[in-house]
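Got chain A; can you put chain B on it based on the hints?
Quick note, the sequences are listed as chains A and B, same order.
The opening residue of the first sequence carries number 1 in our numbering; numbering runs sequentially from there.
The opening residue of the second sequence carries number 1 in our numbering; numbering runs sequentially from there.
These are calculated hints, taken from the structure and not from any lab test.
One should not assume that every hint holds.
Cut-off 30 angstroms, straight-line C-alpha distance, at most; resulting in silico cross-link-like pairs (BS3-like, lysine-lysine) [unchecked claim]:
{"#": "1", "chain 1": "B", "residue 1": "336", "chain 2": "A", "residue 2": "10"}
{"#": "2", "chain 1": "A", "residue 1": "21", "chain 2": "A", "residue 2": "346"}
{"#": "3", "chain 1": "A", "residue 1": "10", "chain 2": "B", "residue 2": "158"}
{"#": "4", "chain 1": "B", "residue 1": "331", "chain 2": "A", "residue 2": "346"}
{"#": "5", "chain 1": "A", "residue 1": "21", "chain 2": "B", "residue 2": "158"}
{"#": "6", "chain 1": "B", "residue 1": "331", "chain 2": "B", "residue 2": "35"}
{"#": "7", "chain 1": "B", "residue 1": "331", "chain 2": "B", "residue 2": "49"}
Pair by pair, the computed Cβ-Cβ distance ranges are [to be verified]:
{"#": "8", "chain 1": "A", "residue 1": "84", "chain 2": "B", "residue 2": "275", "range": "41 to 49 angstroms"}
{"#": "9", "chain 1": "B", "residue 1": "58", "chain 2": "A", "residue 2": "186", "range": "25 to 33 angstroms"}
{"#": "10", "chain 1": "B", "residue 1": "182", "chain 2": "A", "residue 2": "22", "range": "28 to 36 angstroms"}
Just some of the chain A residues that point at chain B, by a computed CB distance under 8 angstroms [claimed, not checked]:
{"#": "11", "residue": "14"}
{"#": "12", "residue": "53"}
{"#": "13", "residue": "345"}
{"#": "14", "residue": "347"}
C-beta atoms are modelled at their ideal positions from N, C-alpha and C, and glycine is treated no differently.
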Amino acid sequence: MSTVSERERKVLDMIETARSKRARFRDPRVTMAHGAGGKATQTLIEGLLAPAFASPALDVMGDAGLVDVAGAELALTTDSFVVKPIRFPGGSIGELAVNGTVNDLAVSGARPLAITLAMVLEEGLPSEDLRAEVEAIAAAAREAGVEVVAGDTKVVERGHADAMYLTTTGLGLRDPRAALSPAGLRPGDHLMVSGPVGAHGMAIMLARGEFELDAAIESDTRSLWPMVDAVLDAAGDGLRCLRDATRGGVASVLNELARASGVAMLVREAAVPVAPAVRGAAEILGIDPLYVANEGVLVAAVAPESAEAALAAMRGAPGGEGAAEIGAVRTEPPGMVLVETAFGGKRVMDQLVGDPLPRIC
Amino acid sequence: MDGGMRFVEEFRDPALGRALAGEILGAVEPGRHYKLMEVCGGHTHSIYKYGVDDLLPQNVELVHGPGCPVCVIPMGRVDDGIAIAREPGVIFACFGDMMRVPGSEATLLEAKAEGADVRMVYSPLDALRIARENPDREVVFFAIGFETTAPSTALTLKRAKAEGVPNFTVMCNHVLIVPPLRALLESPDLRLDGFVGPGHVSTVVGARPFHFIPADYGKPVVIAGFEPLDILHAIRMLLAQLAEGRCEVENQYTRVVPWEGNVRALEVMAEVFALRPHFEWRGLGFISQSALRLSDAYAELDAEERFPVPGVRVADPKACQCGEVLKGVIKPFECKVFGTACTPERPIGTCMVSSEGACAAYYNYGRFAREREVV
Numbered sequence: 001m002s003t004v005s006e007r008e009r010k011v012l013d014m015i016e017t018a019r020s021k022r023a024r025f026r027d028p029r030v031t032m033a034h035g036a037g038g039k040a041t042q043t044l045i046e047g048l049l050a051p052a053f054a055s056p057a058l059d060v061m062g063d064a065g066l067v068d069v070a071g072a073e074l075a076l077t078t079d080s081f082v083v084k085p086i087r088f089p090g091g092s093i094g095e096l097a098v099n100g101t102v103n104d105l106a107v108s109g110a111r112p113l114a115i116t117l118a119m120v121l122e123e124g125l126p127s128e129d130l131r132a133e134v135e136a137i138a139a140a141a142r143e144a145g146v147e148v149v150a151g152d153t154k155v156v157e158r159g160h161a162d163a164m165y166l167t168t169t170g171l172g173l174r175d176p177r178a179a180l181s182p183a184g185l186r187p188g189d190h191l192m193v194s195g196p197v198g199a200h201g202m203a204i205m206l207a208r209g210e211f212e213l214d215a216a217i218e219s220d221t222r223s224l225w226p227m228v229d230a231v232l233d234a235a236g237d238g239l240r241c242l243r244d245a246t247r248g249g250v251a252s253v254l255n256e257l258a259r260a261s262g263v264a265m266l267v268r269e270a271a272v273p274v275a276p277a278v279r280g281a282a283e284i285l286g287i288d289p290l291y292v293a294n295e296g297v298l299v300a301a302v303a304p305e306s307a308e309a310a311l312a313a314m315r316g317a318p319g320g321e322g323a324a325e326i327g328a329v330r331t332e333p334p335g336m337v338l339v340e341t342a343f344g345g346k347r348v349m350d351q352l353v354g355d356p357l358p359r360i361c
Numbered sequence: 001m002d003g004g005m006r007f008v009e010e011f012r013d014p015a016l017g018r019a020l021a022g023e024i025l026g027a028v029e030p031g032r033h034y035k036l037m038e039v040c041g042g043h044t045h046s047i048y049k050y051g052v053d054d055l056l057p058q059n060v061e062l063v064h065g066p067g068c069p070v071c072v073i074p075m076g077r078v079d080d081g082i083a084i085a086r087e088p089g090v091i092f093a094c095f096g097d098m099m100r101v102p103g104s105e106a107t108l109l110e111a112k113a114e115g116a117d118v119r120m121v122y123s124p125l126d127a128l129r130i131a132r133e134n135p136d137r138e139v140v141f142f143a144i145g146f147e148t149t150a151p152s153t154a155l156t157l158k159r160a161k162a163e164g165v166p167n168f169t170v171m172c173n174h175v176l177i178v179p180p181l182r183a184l185l186e187s188p189d190l191r192l193d194g195f196v197g198p199g200h201v202s203t204v205v206g207a208r209p210f211h212f213i214p215a216d217y218g219k220p221v222v223i224a225g226f227e228p229l230d231i232l233h234a235i236r237m238l239l240a241q242l243a244e245g246r247c248e249v250e251n252q253y254t255r256v257v258p259w260e261g262n263v264r265a266l267e268v269m270a271e272v273f274a275l276r277p278h279f280e281w282r283g284l285g286f287i288s289q290s291a292l293r294l295s296d297a298y299a300e301l302d303a304e305e306r307f308p309v310p311g312v313r314v315a316d317p318k319a320c321q322c323g324e325v326l327k328g329v330i331k332p333f334e335c336k337v338f339g340t341a342c343t344p345e346r347p348i349g350t351c352m353v354s355s356e357g358a359c360a361a362y363y364n365y366g367r368f369a370r371e372r373e374v375v
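For reference, chain A alone in the conformation it holds in the complex (with noise of 0.2 angstroms):
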């Protein structure tokens, strides 16, 4: 049974060369797929935008870029943000555009400064529902310590938008505590996340009424620069890489790792942390909660031996009570992560094609 005959050897071959060309962009069309955060949207980056735009912050493939500017290292990100609806339980889609781009700093190790505001506004948005949302904007920027310091803003004809849209663009300081790298992950270290995972996907799929199904589920939106304030004191260069565990979840997160250091990962399904209610809901929905969005959650792989202080600074942290060891980085098979479920047995947690889409059977 050990041996691998001499064709199978030869189709592996082929298909694994297959795999590590650079994709390519040629689909007809854009498909939601190409905004869900798997395979679709990595196609679209590496096989249109990347080779358009190349330069060397943008190959990192970094939530952020990093710019020298006169000796200063300037963190650079921009979001937008379409959700639907644009009030949820636990948050609105103000909270998200500032700390979602907060965030793509702060995991990039760069303290938070400044951010601008793009608002695309649907004619007919009553006023109530703009002033509300620009409040949450002042709120959570203040929370996170940032400054509004531009803005514009554009009206669309009715139906054109959906009540709105904002893109927030984020300027912070990389802190010299920090050495992240997405490729410098080395086998051995720990694989953490700072808290229950799968709420803010689950809380907006419920928000939208598809579903008649009513839990108490709410966003995690926060900002995570206070965590990696205390996550940078404590393991110091320990700390190998940080992600902001946003669209795809925890699992995609953990494949795009797993891809530029070339290693591979092992996570136990038992450890990962998620709330009942986000259990329950995915249960009945079908969909696995590690490729849930998450807005307050990042991944963190840490060195052995900073381990213990860097989970430890993690759950003193604003919302890292629930943090937990999720698993390890290993060196076989690289580029890919594995799964030991719950139940005992290992399986591969690939990367998805579009959004998880409820099956039938």
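Chain B in isolation, oriented as in the chain A frame:
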């Protein structure tokens, strides 16, 4: 929904799983290779989700069967669905995982991107609700599934008829589980030792329809539930039958499956549906009397009667060997088009369409399987 999931977690107990895996290891004859087919896509999903196959001895191989209702829909039917979805004024409702299944030129997801109003629903009743809420639109539900989902489509059609919802129709692609199994068993080169029988289907049809498998073809069947312990237990029962030289239909899923099935559901299906003379299965070709259409009494609710449907048959490429993979005659990598013309991004046959199909799994995780074998 707070609190643990009682009566579910019990069937996922890792200690019991290890104990069963140990019993299975003790029940296999060294040197003998066992090929067992799990018929149902739901089993395939559980096996994948919990890593059940990882707990089995190397010489017990699970072959994924034809029971994934999404994967067996042929390209021509997807094309027909897209044609209806593109009709002006139509809202086309289907299950989420159907949206990525390729037709000859596009998927429903791509048709949506081009402007068709394709919506994901969780049940046929959701589609009926959309019809009530949009009286000026035509709502078409793309019905798929085995006997498991057919009763809910049937009940929805009954309700639509009773309420007189004029703008609701169904494009029926319901299929039956026995005909493809018989087609597989008829094949002289079949290499299977036994079947893990479909639990959900059996809640509707009961255990009796599977008696022909031991009676006519000499293969044991154990109908199983969908939790990982159910599946391991069923495998244990199959191995016991093989070791003791028994060959019968056994029911592991007694907490849900009655021997007689669900008589009410079968009656409703008989009223609303009629057998199609034949139906094409992706990768398996035409199988006679293997699918359902709406009965004459429900013809006015039949989307294929209301809308022009191209009905063009799109042949599976000749080289596709899904049938052989399903029969366990060849491994995925031995297929002529595997990895070249047929990939997860551009799948041809049923085994590549679903991420859990035998070929897609091999394509994506073959390296992992190789590592496991070496270690």
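Outcome of the hint check:
1. B:336 with A:10: Answer holds: residue 336 of chain B to residue 10 of chain A is near 13 angstroms, not above 30 angstroms.
2. A:21 with A:346: 27 angstroms, holds
3. A:10 with B:158: 55 angstroms, violated
4. B:331 with A:346: Within the cut-off at roughly 21 angstroms; holds.
5. A:21 with B:158: 53 angstroms, violated
6. B:331 with B:35: Cα-Cα ~12 angstroms, so holds.
7. B:331 with B:49: Distance ~22 angstroms between residue 331 of chain B and residue 49 of chain B Cα, so the pair holds.
8. A:84 with B:275: 41 to 49 angstroms: Since the Cβ atoms of residue 84 of chain A and residue 275 of chain B sit about 43 angstroms apart, the hinted range of 41 to 49 angstroms holds.
9. B:58 with A:186: 25 to 33 angstroms: 32 angstroms, holds
10. B:182 with A:22: 28 to 36 angstroms: Violated: the Cβ-Cβ distance is about 47 angstroms, outside 28 to 36 angstroms.
11. 14: Since chain B brings a Cβ to about 6 angstroms from residue 14 of chain A, closer than 8 angstroms, the hint holds.
12. 53: 24 angstroms, violated
13. 345: Hint on residue 345 of chain A: holds, closest Cβ of chain B at ~2 angstroms, below 8 angstroms.
14. 347: 4 angstroms, holds
Hints 3, 5, 10, 12, counting from the list given before, are not met by this structure.
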